[in-house]
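As you go down the protein sequences, you meet chains A and B in turn. For the first sequence, our numbering begins at 283 and goes up steadily by one. For the second sequence, our numbering begins at 26 and goes up steadily by one.
What the hints contain is simulated information worked out from the structure, not anything from laboratory work. There is no bait here: all hints are sound.
One-sided excerpt, in silico: chain B residues whose CB lies under 8 Å from chain A:
id	residue
1	Glu356
2	Gln363
3	Glu471
4	Ser472
5	Trp473
6	Leu475
7	Pro476
8	His479
Below 30 Å or equal to it, Euclidean Cα-Cα: the simulated DSSO-like pairs (lysine-lysine) are:
id	chain 1	residue 1	chain 2	residue 2
9	B	Lys172	B	Lys92
10	A	Lys348	B	Lys482
11	A	Lys348	B	Lys466
12	B	Lys913	B	Lys1097
13	B	Lys888	B	Lys770
14	B	Lys193	B	Lys208
15	A	Lys357	B	Lys466
16	B	Lys466	A	Lys322
Ideal Cβ placement from N, Cα and C applies to all residues, glycine included.
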Amino acid sequence: MQTAIMIVANYPLYIRSVPTQGELKFHYTVHTSLDVVEEKISGVGKALADQRELYLGLLYPTEDYKVYGYMTNSKVKFVIVVDSSNTSLRDNEIRSMFRKLHNSFTDVMCNPFYNPGDPIQSKAFDSIVSTMMVQAF
Amino acid sequence: MEPHEEKPIIYTMENKPIVTCAGDQNLFTALYGSLTQQLPREPMEWRRSYGRAPKMIYLEANFVQFKEELLPKEGNKALLTFPFLHIYWTDCCDTEVYKASVKEDMQRWQAALRLHGSVDWLIAVVESDNKKKNKTNILPRTSIVDKIRNDFCNKQSDRCVSLCDPLKESSRSQESWSSFLTKLRTLLLMSFTRNLGRFEDDMRTLREKRTEPGWSFCDYFMVQEELAFVFEMLQQFEEALVQYDELDALFTQYVLNFGAGDGANWLGSFCQPVRSWNGLLLRRPIDMEKRDLIQRGEASLLDLRSYLFSRQCTLLIFLQRPWEVTARALELLHNCVQELRLLEVCFSPPVFQTCLGRFWAVFGACFRYLGLPRVWGVLGVFRTSLGHISDKSGVFLGCSPYKKLKEALSSVEAFEKHYLVSVRSLGDPQSAENFLLDSLKSYVSESWSLPLTHTRKQIAECQKQLQKMDEYLQTSALLASDTNLSEEERRHFCQEILTFASQTAEGKGQQKDARVALSMSSVTRLQELCFRPSSALVHVSAALLLELRLCSLMPVPVTLEHISASIHFTEEQPGSTAQKRAAQNPDGTVTFPAASPASASALELCEMLEHSPSDNTLSSAGLACRNMHLLMRRNDSATSLDTPNTALTALALEDGAQMLRASDVTLSPGNNSIVFTAPPGVYTLRQLCATLGRVQLVLPHLYPVVQYEVYSQEPQLSIQPLTVSHLVCVVVSEHLLAGLPQQVKFTILTGHYSVKKGDALQLSNTDSMPVLHSSTRSARILSSSAELVAESALSIQSSEKVTSISLPVTPPYHTLEFLLDVLCHIPSCPARMESERLTNGQISHRTRSRTRFNSGMTLIDQKVSVDCPWSIYSTLVSLTFHVPFKVKHSLLSVGRRKFIQVCLQNVSDTNFRLTNQTLTENQHTPSLELLSLNTTTHSLVFRQQCVFSVWELRWSGVSPVSLHCEFSASFAPADAPDAALKPYRYHFTLERVSIRPAEGEQDCRTGALCRLEVSLTRLSEPSDSDEEYSDTDGLRTTRLLYEVIDNNSNWAVCGKSSGVVSMPVAAMATHKVHMEVMPLFAGHLPFPSIRLFKYLPHHASPVIPPDTDSCLENDSLSLDDQAETASLRSRGSVQSLGSGESAQPRGPMPKRQAFGPGQVFNGTQGQQVLVLPAADHHLMEVNVT
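If we strip away everything but chain A, and leave its shape as in the complex, we get:
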């Protein structure tokens, strides 16, 4: 089952995918999904929807994957790509995954040695993502 978690602030900060051989496809998928995120948030502005809602929901389904989006207030985008056939994951679980991800991302950002904008190389973050991937998929 293929999954990928990516954190992107217009340029990739962290990309992790299982399995690794299909990584290129994930990169393309996430890159395109940013357009959808862009579209969604510009739409949010118009509709004056709840600004506090960071979860963007299912961005779009492709033939193989479901792509979920999440955007922090500082416009850092989280994208989770899940195999379409994975039916065990519901919206709520994805949402909580994002929340967990956001929390540990915040921890990374709080690290004084982390230079904002650099790719994330935190071991703690890595392990959290790993456990998340093992649990969820």
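Got chain A; can you put chain B on it based on the hints?
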């Protein structure tokens, strides 16, 4: 009986609920017009079952004549042909008639209805006054309506309504119409609720049976669509859409289940291979062909999907929500692709291509509704979703900006032209490349490494097909060093470059410019540059090595024919380059920043401090961004080295530049170091260029700027005092001492000059500083790194005028050192000046030696002229000698006896032995005797200590007017032998300076006028900047203002008390002024005080005096006028004058300026004059230093 076969017209938008009419057809025909007109006029609230929200609904009806066939048979689910209400019309008002025929007819009608289970009926009784009038025998009590109610509506009295005079325009008729219509609507809605509810129940039951083997989705589809049709008929598009959405979801679920292994038989029909697909038709509300296929169970998956989608689109457009069409279209596409895969439907690529084209057409239609950003997103998603399929089928998709998209959406052809570019089949790699470069740019800017690599690979393929060798090689270079690729792929691209490089130019035709320049930064990373020696500053003969540390990103070792660094000659002073080398570390390495986008965008800030030019105070401080030009440039015109096509233009090789070269360099993967040797000069490194056959790897700019300097040095001679004198001095002295033999060290830096045999230094001899000969002389030759190379004897020949020192042979860039003993004679202290009185002045000789005073020590500058073999000019070397002693003398009086005391102070740091102090009188005045009162002839003078010697002066007769004395002594360093004793002489003149009364008179007397002689003497030559000169009669003079004031009211100054004198600019120049003063008291009076000022003519720039208290500005008064004032000035007059009008600078008035402290020596300070009560004469002396 299939209703839609019989009446296909039923599937139009004109569908209305059917209401049958029985009974009197003529009556109904008469009423039909107004009925159909008035029924939809008012809305009616439709309450729904299952908690669905009530809706306001405008009802319309299609009134048809009642036929028994119209009534639905058992099991017929067709809702559109279902009669929702049955009305029986009668205008019977005659009981007889009613009983005879109408009742019977009604009963038959009722029976038919009951047979089909229809309970939705209404009996309308039209009452007309006309008929009543005709039939007067009508029973008024029980109307016909009551009778009917009685007969038919046993419980439902509302099933029978009467309509009064419907064709008349009376209020009664209006009322009855409206109540009739309300009734009609209510009943219609009741019927809807009941029948639809029953239908839905049936439908649900059917749906529940879907797990049963015989169940068919197509059948169910037809049923639920029927419901959707009804809702659509009732204008409830939302409800209708819900039906289709449910169907959609159900189908999707089935396919998913099928994919999960839960197959259903009915799905078999959808698994047929796709042979064709006709695309979507959105124009017609209902695509009957597809519907038929579905009904027959022959539809393919795409047919079903497109039918469903077209229905949904139709409803969405009715709902005026066209934007949802695109969103759903998108989903449709994904679903289709996925479902086709899940159902393992096979189809051939050509079919898919046409399908794809038609999809685009669908989108083209949809997009017209929409804004572009949304399209962009849709398209982006599209690109990926079809991406991998297109890989298989050979369809190539690119993306490009909106403009193209807009154009593309206008027609299918244009769309295909723009977006469906197939590399192989369509054969347009050119446009493919352009698209790819477009997307590459965005990947580069956002640093998506994997897509970047992938896109670049595709670009390389395009470029190879297009035979764009330059670009292809550049891309290959980037790919060869791309770690995202496998080792094999990287090797392949590297080999591409190497193969091209090894091809000879002839093979490719006679192109002269067959070389290809590639950006070096793509294959190698310049890490460090290291200078040896680290200062990057050497002279010509030494080797300056430049080590370049390159990290090769190539997967295989590459042998470069040569690698060269072009350098640019910098015309700068050698010293100024030091500041430019800020990037260089102290150990001589320059680290180049890694060329990552993150570091490139970092601000490079530097501190900026600006000092004001006048007083060097900080005037501004700030930060400056050094790489602003990089950060502030417009993004779209930015040329990045990562995009190969733009970089190529920047790779212009600087021709004709000087090069550092290294040949046959092998760059192995990883770190390499290349060593260059630098030519002489001040150079800046500009470019790096590696040649590899026909390929040149060029690094167009080196940043930070790196400079080095290989200089050529002129020979230099310097003479310094030897710091440690091993000969006689124990105490280490930094100074050369006059009067003693001293060693000086000659240092010759040969520079580029090589000292040949026979070269000699010619020293011009001076009397005051002879060169002493000593037995052993040797010269040391040192290399540039201060290693002793050789030691050789030195021969010195002296003639009368010249001392010649022959130098040993010395190679260039070596140091030659030797020592020489010199002796500087102490100039005997001056006694020649007549005007010198009791003070110790020094004469300034305009010779090669010059005496100065400096902090208690007398300095003698000796200039030695040296003729060097390498220059036609003489080198003038200055040596400073210090006179170790300072001598003061004083005349002491005891009554009439006079003593001369000479104080000799050792001002050096050396202890001296002093012998034979003698004092002689030069003029040999007969009656004069000098009696030594000194007890010892030998004494030790420790450093900074004094030795006093006293002589008594005895004379007979008149005391001599002046005495020229000479003090002499021998001295030697304390531990030196007697032979080393050197003479020291001190001349001085004593003049009898005393109060000289007026001619013929003995003493000054009160009340009588006395002569006051003011003598102004310049003691030193002013330094050039000191004073203002004026030339009068060829003599340089300065002007001085003097004032004679007595502050204590002891004296009265008669005549003018102040004046301006011109002092010649020469030492010992004296100016005497006579004036008359009158003592006011008798006794020992102090002399009147005399003040001196610099007199600045009016054109001189105003000088602000440093101390306002000591200087009184006297601007208001012209000093010349003041000089004319002949008055007795009492004390404080000047002060009051000055304070009265001070600080009023008024244009070009003359100014006076006070001398600094210590500049004026008042010779009569503290002296007193005895004034008897009679006239007296005074002499006064003022010395100016």
